[in-house]
Amino acid sequence: SQQGEEDPQALSIQEGENATMNCSYKTSINNLQWYRQNSGRGLVHLILIRSNEREKHSGRLRVTLDTSKKSSSLLITASRAADTASYFCATGNYTGANSKLTFGKGITLSVRP
Amino acid sequence: DAGVIQSPRHEVTEMGQEVTLRCKPISGHNSLFWYRQTMMRGLELLIYFNNNVPIDDSGMPEDRFSAKMPNASFSTLKIQPSEPRDSAVYFCASSFLHGGQGMGQPQHFGDGTRLSIL
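Read top to bottom, the protein sequences are chains F and P. Each residue of the first sequence is one higher than the one before, starting from 1 at the first, in the working numbering. Each residue of the second sequence is one higher than the one before, starting from 1 at the first, in the working numbering.
It is worth saying that the hints were derived from the structure and are not from the lab. Keep in mind it's a predicted model, so treat the numbers as computed, not measured. Heads up, some of the hints might be wrong.
Covered, in the sense of this in silico footprint (three residues per stretch, anywhere, with C-beta under 8 Å from a C-beta of chain P), are these stretches of chain F [claimed, not checked]: (1) 41-50; (2) 99-113.
Computed from the model, here is a short list of chain P residues facing chain F with C-beta under 10 Å [to be verified]: (3) 8; (4) 31; (5) 43; (6) 48; (7) 52; (8) 98; (9) 108.
Glycine included, each C-beta is placed from N, C-alpha and C at the ideal position.
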């Protein structure tokens with residue numbers, strides 16, 4: 001079953017605008033990660049935020065985590081056509097020796113030049 | 001640095017045939033993951049290994065699927081016999097996990113094998 005669910009499912013914006021994508025999850029987590037997938041390629045890790053962190057930045061990316069609401073958001077500022085891709089959130093819940101991620105179904109982002 | 005290498009990139013075969021997918025993880029990584037991606041079900045974890053030992057295979061669909069990791073630099077996912085519903089993109093990913101402390105690390109994905117069963 002899916003742990004993370006992204007919202008919206010698809011997003012289309014103009015180059016230069018900001019893109020905000022949301023992720024909600026159901027059970028407690030150790031960390032939450034965001035990945036990007038370009039068409040025909042594997043997923044690429046973007047950013048990881050731990051359960052005791054509230055906000056993290058990496059270049060044009062800003063991720064927030066609200067564990068009380070079980071939600072996260074990914075903000076891409078000043079979007080570029082090259083940001084066109086699918087974006088996935090993945091939740092990490094580690095129990096003993098079992099360390100795995102559960103991925104959502106992804107958000108398709110289209111950035112129009 | 002070489003990333004995760006998967007082969008073949010594409011595989012088209014007839015129902016009933018045996019299919020073997022291969023993966024070479026990033027050198028130094030101690031965990032390896034096999035995923036399946038379809039439009040309907042998204043990205044599903046099939047099995048993962050830590051230090052070459054299978055830790056969680058609860059995502060393996062049925063006995064037709066098997067996975068091995070004979071050493072730290074190679075893993076295979078085998079489907080025998082294959083069925084049309086196995087058609088999907090299969091990804092291998094690797095990571096370095098710190099001794100079950102729950103630290104979590106990013107996973108590095110290969111570019112996948114696109115499998116079509118006719």
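Going down the list of hints, with the structure as the test:
1. 41-50: Since 7 is at least three, the answer is holds.
2. 99-113: holds (count 8)
3. 8: 14 Å, violated
4. 31: Holds. Min distance 7 Å.
5. 43: 4 Å, holds
6. 48: Residue 48 of chain P check passes; min Cβ-Cβ to chain F is 6 Å, inside 10 Å.
7. 52: 14 Å, violated
8. 98: 9 Å, holds
9. 108: 7 Å, holds
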